[in-house]
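Q: In the order they appear, the protein sequences are chains D and F.
The first sequence finishes on residue 297 if you use the working numbering, and the numbering steps up by one all the way, no holes.
The second sequence finishes on residue 264 if you use the working numbering, and the numbering steps up by one all the way, no holes.
Keep in mind that the hints were calculated from the coordinates and are not lab data.
Be a bit skeptical, because a hint or two may be false.
What the hints assert, rightly or not - Derived list of chain D stretches under chain F, where covered just means 3 residues or more per stretch with a C-beta under 8 angstroms from a C-beta of chain F: (1) 112 to 119; (2) 131 to 142; (3) 148 to 155; (4) 181 to 195; (5) 200 to 211.
Note that beta-carbon positions come from the ideal geometry of N, C-alpha and C, so glycine has one too.
The chain contents come next:
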Amino acid sequence: MRRDAFASYHPVVGFAYFVAVIAFSMLWMHPVLQAISLFGAVVYSQLLRSAKALRFNLLYMLPLLLFAALLNPAFNHAGATILFYLRSGNPVTLESLLYGAAAAVMFVTVLIWFSCYNAVMTSDKFIYLFGRLLPGLSLIFSMVLRFVPRYRNQIGRISLAQRSIGRDATQGSLVRKAQNGMRIVSIMTTWALENAIETADSMKARGYGLPRRTSFSLYRFDRRDRLALGWLAFFAAIVLTGAALGHNAIRFFPSIRMEPATPLSFIVYASYCALCLMPVGIQLVEDFKWKFIASRT
Amino acid sequence: MSNGTLKGGNGRDAVDRTGPRVSGQQRAASRRWSRRTLLSALLIVLVIPATILLGVFVLDDRKYYFVSLLIILYTLVPFALVFENRKPQARELIVIAVLAAIAVAGRAAFFMVPQFKPVVAIVIIAGVSFGAEAGFLVGATAGFVSNFFFGQGPWTPWQMFCFGIIGFVAGLLYRKGWLKRSRLSLCFFGGLMTLIIYGGIINIGSVMMFTPRFNWQALAAAYATGFWFDLVHAVATVVFLYVLSRPMIEKLDRIKTKYGLVER
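Please work from the sequences and hints to get the whole structure.
A: Okay, structure coming up:
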């Protein structure tokens, strides 16, 4: 993954941004808004994880989209425009076909936004955000993340020690192997529990849970974060106003109906664009700045 | 040397509750539901239906996908609040973290076999040994953290809720005395819970995700196609409980007696 400019912003900005775009993508099925959100998500995922994202989008998301689109007409027979009848005698309607497509696009868009979220909002940022709010749970969460690789490492050590006395999971008959494997897991579990109590006592000795302890934070909320959050709030407000006025809505059943497009709805579309393409825009501006200041000798 | 140290090394941890209780007392005390357990149960029984009704009558807008996700997230909140409010001790936190990490590592170790995962088994063992709340937290944390390795998505809250609620119910039923520590009882309970609660709720979740316009045929189809996956998952839970339950519970009991961890 290349260094992403938006990922270097304050975690509050990143979290607010993803909550907003994912919630908006789930709420509105208006085709123009869906297209904007899908486009923003795909472009950003390409930017974040170029080749891997392309494979993910084509290999998994495209078949999923088709599958989900075809699933709806099979179960949903509402709608006024009947295209043809299934063998069971149930009608397939244009509305349910389009609704299935819209639902599928929504689902896929959310998944792609989540894949961007995974790349940008790493676990340390999550802990930074929720460490104050939910100190106990954040601590559990960060410990579990740490324990998993640690246990893998420890299993390796135990199995090396067991191998030297001929009791590794690779030695002996099949039953023996299984027994040895179970013993290694058992040793591991006991070690983990004992070790955990030691860790807890050590934490206690160093003052865990006492009031007015400082937290380890690397992030500063500076001007560009305020700017980004302001941008986010401003355009989200416009899009939400549009929603309140009914510009983002679409009715599928019994027949498809949308609000006719007015100048105001174009403002809403433009704001949604500004929202969904915000990280991409930030990246482009950064790239431009970099090219501009890099010395050409 | 204080009396507490003689009993179970609890003197080290002055802020912890009393030392380990005598087994007779413990039995009597565990029959009664603690106030916290009761509160959590009330939240589950009352708050969830209330939220669903709110979604149906107030938001009346066919936003099932969004509303269902909200409901599931919402159900996780009371547990978090109750847990944070009582300022958990370091030892308690870390035991929950260890059990969740074992569950996550178990899910990772069996990544190549679809659905054949030990997570539910470990969550049930946690609920039985450390109580309903710990069971919930182990399950929810395992669901959340394992998706940092496997990928987050709209399914994460559903998995968190399913794992959590199984641990919670295991703890409650054990406290009530309906669930025994015997292998047979645990295996029966585990298989049933995985099939009915996990399979039942996860399938609703996937219907909500794929066809945001909820209807019963789609749900029935999801149950029909998901049945074999759920069955494999249930069999896995039974197998893991059969193999793991006795040694795991023994180890957890040993840790509890040795360090004087109080059952909640």
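Q: Out of the numbered hints, which ones does the structure contradict?
A: Checked against the structure, no hint fails, so every one of them is satisfied.
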